[in-house]
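What follows is the residue order along each chain.
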Amino acid sequence: MTAPLSVKEQLAIPRVKMAELDPELRRAGFAEVNRGLRLEEALREAQRCIQCKSRPCVQGCPVEVAIPEFIGALAENDLPGAAAILRRDNALPAVCGRVCPQESQCEAQCVRGIKGEAVAIGYLERFVADWALEHGERSPVDANSSSAGRAVAVVGCGPAGLTAAGELARKGHQVTIFEALHDTGGVLRYGIPEFRLPKTIIDAEVAELQALGVRIECNVIVGKTLTLEQLRAEYDAVFVANGAGLPMMLDIPGENFKGVYSANEYLTRVNLMGAGRDSAATTPIVIGRHVAVIGGGNTAMDCVRTARRLGAERAMIIYRRSEAEMPARLEEIKHAKEEGVEFLMLTAPLAIGEDGKGWVASLRCQRMELGAPDASGRCRPVAVAGAFFDLPVDVVINAIGTRANPLLTASAPELGLTRWGNILSDEQGATNLTGVYAGGDIVRGGATVILAMGDGKRAAAAIDDYLASP
Amino acid sequence: MFEILENEILAPQLHRLVVRAPRVAAARQAGQFVIVRAAAGEERIPLTIGDADPVAGTITLFVQAVGYSTGRIVAIPAGGALRDVAGPLGVPTHIGQWGRVACVGGGVGTAVLYPLAKALAAAGNEVVTLIGGRAAPYIILRDELAVFSQELVITTEDGSLGRQGFVTAPLAEMIADPARRPGAVFAVGPVPMMKAVAALTRPAGIETVVSLNPVMIDGTGMCGGCRVVVDGEAKFACVDGPEFDGHRVDFDTLSDRLATYREMEAAHRCRLAGKEAA
Chain A
1 MTAPLSVKEQ LAIPRVKMAE LDPELRRAGF AEVNRGLRLE EALREAQRCI
51 QCKSRPCVQG CPVEVAIPEF IGALAENDLP GAAAILRRDN ALPAVCGRVC
101 PQESQCEAQC VRGIKGEAVA IGYLERFVAD WALEHGERSP VDANSSSAGR
151 AVAVVGCGPA GLTAAGELAR KGHQVTIFEA LHDTGGVLRY GIPEFRLPKT
201 IIDAEVAELQ ALGVRIECNV IVGKTLTLEQ LRAEYDAVFV ANGAGLPMML
251 DIPGENFKGV YSANEYLTRV NLMGAGRDSA ATTPIVIGRH VAVIGGGNTA
301 MDCVRTARRL GAERAMIIYR RSEAEMPARL EEIKHAKEEG VEFLMLTAPL
351 AIGEDGKGWV ASLRCQRMEL GAPDASGRCR PVAVAGAFFD LPVDVVINAI
401 GTRANPLLTA SAPELGLTRW GNILSDEQGA TNLTGVYAGG DIVRGGATVI
451 LAMGDGKRAA AAIDDYLASP
Chain B
1 MFEILENEIL APQLHRLVVR APRVAAARQA GQFVIVRAAA GEERIPLTIG
51 DADPVAGTIT LFVQAVGYST GRIVAIPAGG ALRDVAGPLG VPTHIGQWGR
101 VACVGGGVGT AVLYPLAKAL AAAGNEVVTL IGGRAAPYII LRDELAVFSQ
151 ELVITTEDGS LGRQGFVTAP LAEMIADPAR RPGAVFAVGP VPMMKAVAAL
201 TRPAGIETVV SLNPVMIDGT GMCGGCRVVV DGEAKFACVD GPEFDGHRVD
251 FDTLSDRLAT YREMEAAHRC RLAGKEAA
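Residue numbers (this note's numbering), protein chains in the order written: chain A, 1 to 470; chain B, 1 to 278.
It is worth saying that the hints were derived from the structure and are not from the lab.
For each residue, glycine too, the CB sits at the ideal point set by N, CA and C.
Where hints are given, some of them may not hold.
[Unchecked claim] Which stretches of chain A does chain B cover? Using the computed rule of at least three CB atoms under 8 Å from a CB of chain B, they are:
#: 1; region: 237 to 249
#: 2; region: 271 to 282
[Claimed, not checked] Within a straight-line C-alpha distance of at most 30 Å, the following computed DSS-like cross-link-like pairs (lysine-lysine) qualify:
#: 3; chain 1: A; residue 1: Lys357; chain 2: B; residue 2: Lys195
#: 4; chain 1: A; residue 1: Lys115; chain 2: A; residue 2: Lys334
#: 5; chain 1: B; residue 1: Lys195; chain 2: A; residue 2: Lys258
#: 6; chain 1: A; residue 1: Lys334; chain 2: A; residue 2: Lys17
#: 7; chain 1: A; residue 1: Lys115; chain 2: A; residue 2: Lys17
#: 8; chain 1: B; residue 1: Lys235; chain 2: A; residue 2: Lys258
#: 9; chain 1: B; residue 1: Lys118; chain 2: A; residue 2: Lys357
#: 10; chain 1: A; residue 1: Lys53; chain 2: A; residue 2: Lys8
#: 11; chain 1: B; residue 1: Lys235; chain 2: B; residue 2: Lys195
Construct all of the structure, not just a fragment, from the sequences and the given hints.
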């Protein structure tokens, strides 16, 4: 090991740039776009962290990863040490290192970002997590928990459920996850395309949890196959993280023509079922030549980039505000543009037209302009009188969001809900039912992977306390 | 894995499967369905639960091999297994007391009708069953339905069994006769049949329940692929249905959406057939 760098030397290191797959090659399939860092790059980037006392990055992280500590270990080339610190706080670091909006969370708080560029925390997280998966580094187990050995049921195998399960298993509890779909990962598998998150990473992280003793039962729909009451009777505590919900409709004419998809349906067909990309898969999908995706979030970017990969000559984002208001990650927007996605900003869908045989043929659009800020703090889009135009399209994908799924809650009438049908819970995830906790999208509505994981982590701590109390 | 205990051919391309699925068998009520995958990589197929034995932990599925995936499901012999069976899904049938009810089944819809008619009879309703099909071999479950039906009428398009014509003719006669007029009608079958039944009962003001079978992916409401227009509003057949008020369903939109993958499915079958021949 060379002598430690001076602060001046540390400050002189430029932020690393991660290698990316060439945009032309991306069109050929679903290979991961971000290629990861090499060891030298990771070590050098880790040396950019000045190990400040205030650690604001940790407050920016919904699961409070000990960021300076894991980066410090990495800077000293202590990879097992870095992996142990990271895994102690984060059950799915290889996932987070890929899909977290670091630029608006940990990295947004980084002291080095005040003058210059923040430390690439997300890249380093991914590097350490991938190293740990490759080298079979196991998660640390907390043997000192006083409550060990209780049985906990987790509803949903998405980011919130997996995180809670990992935390509880590490504290020595018997955890069983019940998953409605036939495979693990929830939105990580059906929603996020492989060019952002390869399925092998989900498989590896899930296997890690199984190695900790977590049991996973697929094809069990809580609320239908088993009720919440049954789980309460059979388990010492329950964590509900059944996620997703129902797609919101555009409520415009023509929404039921052939070739109109919800984002969830489109992504599920491709990601979970292999439609359009795996010749052995038997689930069909309509391949569009001209595809319009309505919405400006990460889900919209996933859809439009998927459409491009499936062969769309023209793949468009239709968003009613301007690019500055788009909720999607900057990186997703950049990647989409590199891949030739067109961004039609200040444009709202009015009606979908058909070809005389019920297939989508056009999208009638309304031009918008920005008005005064609304309740969300963003400028409200206002229609420009008389400004319409028609786009020729053969597939329309609605990525405007979801609302609460009633499957579980309808079968548990005693469970407290918000007026929107989401489960009501306190800061720790406790619901009005003793021993029942909830988190993720079913509590907060459509949000990010890391916020769901934060919910899972807090709820797991609260559940452990609950199980330890007499 | 979900073991197939029995696989019996009831009619051309129509199989009756008994599958071990203890949790589904225990929770299931009439009108509900399961999502089935024969093997990894294959489509998720919604199938109505025809019957269940909670003690034995088995469910009965009636599967018509109409496409590649359903063909794969029925091709698994007894002793084999289905990769995935998830459910029971959907809202159970509302079983009321109507006095006399008409249960109308068309083709494989008769299999979906069976648990419904059985539950209606068990609740004390007088069940008149009208089933139709293209020809005699497509008339299924007549003996099973006869057990609890006060009357069983069969129609075939070619006249090879029962009355020649469609089920709507004997239904119209029932409605016209004050002594036989049903308090409610349950209709399951091809979309044109359900549409015709609804058109018949609407002017008569008879409550009519139809069971819809749109394209479905997850079956839990997550994808919205199974949306149907009911009273001008989008409803999801998997969480809001699959049964709806027949007088409020937009059957034309349903027919059209059901045709989405027809050509692709045909092309897929040709490709696979080519591969098998090679």
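How the hints compare with the structure:
| no. | hint | result |
| --- | --- | --- |
| 1 | 237 to 249 | holds (count 5) |
| 2 | 271 to 282 | holds (count 6) |
| 3 | Lys357(A) with Lys195(B) | 20 Å, holds |
| 4 | Lys115(A) with Lys334(A) | 23 Å, holds |
| 5 | Lys195(B) with Lys258(A) | 20 Å, holds |
| 6 | Lys334(A) with Lys17(A) | 14 Å, holds |
| 7 | Lys115(A) with Lys17(A) | 18 Å, holds |
| 8 | Lys235(B) with Lys258(A) | 17 Å, holds |
| 9 | Lys118(B) with Lys357(A) | 40 Å, violated |
| 10 | Lys53(A) with Lys8(A) | 17 Å, holds |
| 11 | Lys235(B) with Lys195(B) | 18 Å, holds |
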